[in-house]
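Here the protein sequences come in this chain order: D, Z, L, F and W. Once you know that position 86 of the first sequence is 68 in the working numbering, the rest is easy, because the numbers rise by one and skip nothing. Each number in the working numbering comes from the position in the second sequence (counting from 1) with 346 added on. Each number in the working numbering comes from the position in the third sequence (counting from 1) with 39 added on. Each number in the working numbering comes from the position in the fourth sequence (counting from 1) with 498 added on. Each number in the working numbering comes from the position in the fifth sequence (counting from 1) with 4 added on.
Hints should not be assumed to be uniformly reliable.
[Claimed, not checked] List of simulated lysine-lysine pairs, DSS-like, C-alpha gap at most 25 Å:
id: 1; chain 1: L; residue 1: 142; chain 2: Z; residue 2: 431
id: 2; chain 1: L; residue 1: 99; chain 2: Z; residue 2: 427
id: 3; chain 1: Z; residue 1: 506; chain 2: L; residue 2: 142
id: 4; chain 1: D; residue 1: 57; chain 2: Z; residue 2: 637
id: 5; chain 1: L; residue 1: 222; chain 2: Z; residue 2: 509
id: 6; chain 1: L; residue 1: 155; chain 2: Z; residue 2: 632
id: 7; chain 1: L; residue 1: 121; chain 2: Z; residue 2: 506
id: 8; chain 1: D; residue 1: 57; chain 2: Z; residue 2: 625
id: 9; chain 1: Z; residue 1: 427; chain 2: L; residue 2: 94
id: 10; chain 1: L; residue 1: 98; chain 2: Z; residue 2: 427
id: 11; chain 1: D; residue 1: 226; chain 2: L; residue 2: 222
id: 12; chain 1: F; residue 1: 580; chain 2: W; residue 2: 284
id: 13; chain 1: D; residue 1: 123; chain 2: D; residue 2: 134
id: 14; chain 1: Z; residue 1: 637; chain 2: L; residue 2: 155
id: 15; chain 1: Z; residue 1: 435; chain 2: L; residue 2: 79
[Claimed, not checked] Which residues of chain F face chain W? A partial, calculated answer using Cβ under 8 Å:
id: 16; residue: 726
id: 17; residue: 771
id: 18; residue: 782
No lab work stands behind these hints: they were computed from the structure. For every residue, glycine included, the Cβ atom is placed at its ideal position computed from N, Cα and C.
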Amino acid sequence: MSLLEVKNLTKNFGGLAAVSNVSIHLEENELVGLIGPNGAGKTTFFNLLTGVYVPTEGTIELLTDNGMTKLNNVKPDKINELGLARTFQNIRLFKDQTVIENVMVAMHREQGNSVFSSILRLAAHYRTNAEMRAKALELLKIFNLDGIADEKARNLSYGQQRRLEIVRALATQPKILFLDEPAAGMNPAETAELTDLIAQIREQFDLTIVLIEHDMSLVMQICQRIYVLEYGRLIAQGTAEEVKQNPDVIRAYLGGVD
Amino acid sequence: MQLFMQQLVNGISLGSIYALIALGYTMVYGTIRLINFAHGDIYMVGAFFGYFLVSVLNVNVFLAMLLAGVFCAILGVVIEKVAYKPLRKSTRVAALITAIGVSYFLQNVMIYFLGPEVRAFPSTIPVMPFRVFGIVINMKQVFVFVTTVILMIVLNAIVKHTKMGKAMRAVAVDSEAAELMGIDVNRVISFTFALGSALAGVAGVLVGVYYNSISATMGTTPGLKAFVAAVVGGVGSIPGAMIGGYLIGLLETIVTFMGGSMYKDAAVYALLIVILLIKPSGLFGKNVKEKV
Amino acid sequence: MINAVKSVNFEVNTGEIVALIGANGAGKSTILRTISGLVKPSQGSITYGDHDLLKLVPKKIVETGISHVPEGRHVFKGLTVKENLELGAFLRNDKEGILEDAKAVYQRFPILEERKNQDAATLSGGEQQMLAMGRALMSKPKLLLLDEPSMGLAPIFIKEIFNIIVDIQKQGTTVLLIEQNAKMALTIANRGYVLETGEIVLSGTGAELLESDDVQKAYLGG
Amino acid sequence: MNRFHIRNMVWLAAAVLGFLALYALVQAGIINRFYQITLVTIMINIIYAVGLNLVLGVAGQFSLGHAGFIAIGAYSAAIFTKAMESNTTGLYVGMAVGVGLSIILALFVGIPTLRLKGDYLAIATLGVAEIVRVIINNMRDLTNGPAGISGIPLVSNWINVYVFMVITTIFILNFVYSSAGRATMAIQQDEIAAESMGVNVTMYKVLAFVLGAITASIGGSLQATFLGIVTPGDYTFERSIDVLIIVVFGGIGSFTGSFVAAILLGLLNVFLQDYGQLRMVIYAIALVLIMIFRPGGLLGTRELRLGSLVTKALGKDKEAVS
Amino acid sequence: QDTIKIGGNLELSGAAAAYGTPIAEALQLAVEQRNEAGGLLDGQQLELFITDNQSDLTEAASVATKLISQDVVGIIGPTATGVAKAAIPIISEEKMPTILGASTGDGLTLDENGNVLEYLFRVCFEDSFQGLAAGQYATETLEASSAIIITDQALDYSLGLADSFTERFEANGGSIIKTESYTSGDTDFSAILTSLLGQDFDILYIPGYYTETGLIIKQARELGITQPIIGGDGYHSKTLIELAGAENASDIYFTTHFYEGNDDPKTQQFIDDFSAKFGKQPDTFAALGYDAANLLLDAIEIAGSTDTEAITQAIGEIENFEGITGTFSFDDNHNPIKPALMLKLENGEIASAEEVSAE
Ligand SMILES: Nc1ncnc2c1ncn2[C@@H]1O[C@H](COP(=O)(O)OP(=O)(O)OP(=O)(O)O)[C@@H](O)[C@H]1O
Ligand SMILES: Nc1ncnc2c1ncn2[C@@H]1O[C@H](COP(=O)(O)OP(=O)(O)OP(=O)(O)O)[C@@H](O)[C@H]1O
Ligand SMILES: [Mg+2]
Ligand SMILES: [Mg+2]
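Only chain D is shown next, with the shape it has when bound in the complex (with noise of 0.2 Å):
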């Protein structure tokens, strides 16, 4: 059985199919690349897995201690519950919140049941909540964010806000991570810390990863195996070697070599 397992997933908007009959799974730690021309249906595809958008047709299910299970109109906090956390590919941030307090928000589940307890001020609540501040603080370090945890999120660069969306993602303890464009606006150099970085995660966690990208140098490099959509369907899939000399995949995608 695999993690996760999706048949025939189709989206539509009015007349456009913007994903079109896709089956794909997911494996345990597994690291997966995404990749497809603009407008190929890659984001409309996470959206599909974590809830934001209703499948027109098709299925998605999870591995969970219940067998699998049917993850259509699940509401999208439920799905995280379950264990699927993402980034977005136009960021969102709380922006006016600080990081530390990013990364908190999405442990909130851990303090389970203590409204009580912090509205009246009891010792637990200061103790869970410093619990939880050292936790945040750890998984900042990982991404070199430790130092400016008190800052607004709105201030930081737009390659500190990339690693902070990873970040607030990795807190909710998902097994599955999914990452819209996380190298987007990022330098080569930048580019080549952040491939290092999403491996040694994997590695960390215990994570099975999906990522959308079109900086090639990072989805070949540490992808497994590569999804590629055109025009919503999948045209494509296989390692980095085989996607790469697919003749479909230049033509749509890569374009020809110069």
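Let chain D serve as the given structure and place chains Z, L, F and W with the ligands on it in line with the hints.
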């Protein structure tokens, strides 16, 4: 049945009034996303201006309507420059509070100088009731209805088909990007205010003539109802504002007809809520989709 | 008050492609925003031909023939792709020419033609980027300011974007280009400047900068 | 220091000190009857504003329906205080009933409408409040219609209002600075992102709305039993706007700001009383000028964090956790 | 030399501004006249403090305490019954003689247990008095047996009148066919009026303020509703006729406090003085305010001191005060004992005025 038809006529006449005010509301909202709480008060100032033209200077009503439109256009632009422009970059709620301040200001300045009493607007348009299939319709009703429809069509044409209209929509979405297109944002906003306020001025005189009653607080209730009408129709949508106005006018009339006159205001708000629940951006409102 | 840009002196000659490169937060976008009049600098001067740009409002600056593709695309959401392109030609009155140019944009980005009547808000990230570029071209600029035009684009379109830049240079348009893809940018640029925390630290022809060790290390990941 | 944290103590001490100071001033006759009305009005406005600030500033929900909940609290207090043998018990029973009704209404209204955005929510909540008012107006047997209920025993005075102000403020602030508060704030910043990070958006929005309704209702109960009369005309949407003005003027999201704004506007009102008809003109100009020169409100989003100030001063920020 | 301070707790802004303002003006006029005539108590000048209560409950209470703290010796107002109620606890506790000009709400001068509030007086009669008188007049004089009532649902005054009208009308054998309502501030009544078209009734009772009733009269007559329309003192303003249009203002009856056409020189003098000072005709509110003010001033003179207890007592004991709104004394409940007048409008003119009673 005939009585019911008569009530429909009543509803449409009342709806015309709401629609007329709602048009200006929705214009301004459509361009700068500001609930211009002072709109109802500009309408009131227009009514008073017309009143003085007609009763003191003996100006013809139609001319008075035009002049009130011009006067309110200027007033609207001045208000925008003085009170709203400095707040363009701040939160919407801050701008809303300013609008409320302007509304209080206009209303209380009028009370201070002219007193809080109601005044009778000299009735200058003949009533001339006539019957169609046994339903009594009078000239004033026809006049108000026709004016509203014409204004709606003209406005819609401006927004949809002129360059200025396109610029207004661009400014509404992203004023910085609009500047990069070579659009003079200040001018567009001034134009919007001028147009919206001119409409309010015309409406003020028209309503003065229609009901022959004006007062410093006359803007509050219709202002609120017109706002509801604009929301029901979908704020920013010009046909929406008109339909919203008519819907509310008809609803009030029908509820009264069915014997629920004491609940007519509640019915209007209930309608508003129901429509928003079914269509969160109003009947004609564009659901601004957010790409995730 | 942060001084986003300290003291920067540079020039762009008619007909050139000039690339500005630098790390995140170096102040590149701020420079472009100053040129197009969206922000006013605390001191200094910007002249464009005979115009003192600091004395002009954005609208007048656009009228002088400068067009800016801003960071973050800023397409008009709620308006269709077609309307967005029309707004790009806001200051023009030659109906035929506008139609022709729109055709040319569609030719370069066929996906935009397919999405012609779609709300720009629902375009994919890359589609919005193309639209922003197409929209700027609609004004037939004499000087085009591009802020990371290749961001979020598929490799095939990145090539297209750089082709376009070279093409429009050939048609006589001057280009000032900000890019993270420094290699591509410097390859097509006549000259380039390297910006760090609000100051120019290096300048030279595109080829010179490509060769430079500093640039190699900092921006080319090599 | 075992069950409660030192920061609680600081706040408690501040509240008690504040009380003693007021008590002394009242005893000394410096706060005379006139200033007591002003004082109570300010404190009740603080209760309203703190609640609305939670809804608007923290949850980001633009509600203009505060007056409806205030009316519910006021009327239930009026009815019970008049009807019950012991007036004081009547007030608290009435207050409890008002809170109960407000919760029910807030849930009933909140669950469907809170998915509306911005101005749409504002007008919908305004509509709900107006409906409440029309109903109150027409239930003449219970509410005496537009004449309202008068002769309500004057059970409330500055003392119990002060106590309730302190309690509601502490309650709301503690909520804001809890994990739930953080999640609520995140919803305001970016709803989609919050949802994707596992935050139950509907629940927290409704929770904030309900808490706002509860405080409004409590404030209403106090006001009714302080003034001795309730009429439907006192709960028009303008009352909601008055509260909104306090919140915005103080700085949306700043609770300290709400305090400061309520006090300043209360004093401004006293000052303007001598200006007769010009008063509203001056007030309007003041409003516009304030917003032009301080569009973010007096304090922006700043907050006086007494607790952390003291703990920092004592240098025991870290180890105070035990 | 010290001045004698008089307070006005009046609605100068807000919903009731149109009714509080004329009272404030009348108060100014009365005080000015008294000062010109040499002041009170051996030439002491009067000083007037009029404070706006914004038609707001809390403000009314606040203004009351404020005036008291400024050492006024008597207060006029508030005007609206609800607003007045908010001030009552304070003036009672502070023992401040207070005269209400136009607060007609039933039982306003009594406390919860029906005992008279010692310091509170009013110069207008109660709502129920007007309603009963109108009911009586409708059945007896107009010989009506069926009526339709239109009330302002946001106005206790309107509902109060309607209630007592109904009581008397039905007691005298008439029947109320239908009750409709509108809300203050409405301007379009065609829906309500159209729904009356098919009905068979003798009279319309429309208690309310001229602001709306003027328009109702106009719209009703234009729709062809010709039955007599009866109302209360809220009709008593020139504006009513202007709003309705003189041609429509026929067969209109209303109970009220005074008749500007009576030959009493006092009344004519007041009308002249008021018009001269404010450039407009006084309405009933102004007339009532003028009486309230003069009553208070007379009482101070009678009391012979500025002691509030003495003034209160003097007010209560005044006999046959000769006011614009009639000659009256107070009953045990501090209401004036005076007859109501029923005025009739024909073509926008007052065609007749007769005294009516609720008996
Ligand atoms: N809400 C929507 N309504 C209509 N069309 C939509 C909507 N969302 C996406 N689309 C269309 O669906 C297609 C797929 O969009 P999507 O964002 O998934 O592309 P993508 O593969 O992520 O592209 P990019 O690499 O440019 O980000 C696009 O052509 C887009 O215009
Ligand atoms: N309006 C502003 N207020 C305060 N600081 C600003 C403002 N605009 C820009 N900055 C700051 O100025 C610096 C330069 O910003 P700019 O956007 O020009 O950088 P950039 O070189 O374009 O970076 P990137 O590659 O991330 O786009 C940054 O540190 C930014 O945070
Ligand atoms: Mg995408
Ligand atoms: Mg930049």
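We went through each hint and held it up to the structure:
1. L:142 with Z:431: Between residue 142 of chain L and residue 431 of chain Z the Cα gap is close to 39 Å, so the pair fails against 25 Å, i.e. violated.
2. L:99 with Z:427: 21 Å, holds
3. Z:506 with L:142: 23 Å, holds
4. D:57 with Z:637: 17 Å, holds
5. L:222 with Z:509: 41 Å, violated
6. L:155 with Z:632: 18 Å, holds
7. L:121 with Z:506: Answer holds: residue 121 of chain L to residue 506 of chain Z is near 14 Å, not above 25 Å.
8. D:57 with Z:625: Between residue 57 of chain D and residue 625 of chain Z the Cα gap is close to 21 Å, so the pair holds against 25 Å.
9. Z:427 with L:94: 21 Å, holds
10. L:98 with Z:427: 19 Å, holds
11. D:226 with L:222: At roughly 21 Å apart (the allowed maximum being 25 Å), residue 222 of chain L and residue 226 of chain D satisfy the hint.
12. F:580 with W:284: At roughly 45 Å apart (the allowed maximum being 25 Å), residue 284 of chain W and residue 580 of chain F break the hint.
13. D:123 with D:134: Cα-Cα ~17 Å, so holds.
14. Z:637 with L:155: 17 Å, holds
15. Z:435 with L:79: 16 Å, holds
16. 726: Holds, because the Cβ-Cβ distance from residue 726 of chain F to chain W comes to roughly 5 Å (cut-off 8 Å).
17. 771: 6 Å, holds
18. 782: 11 Å, violated
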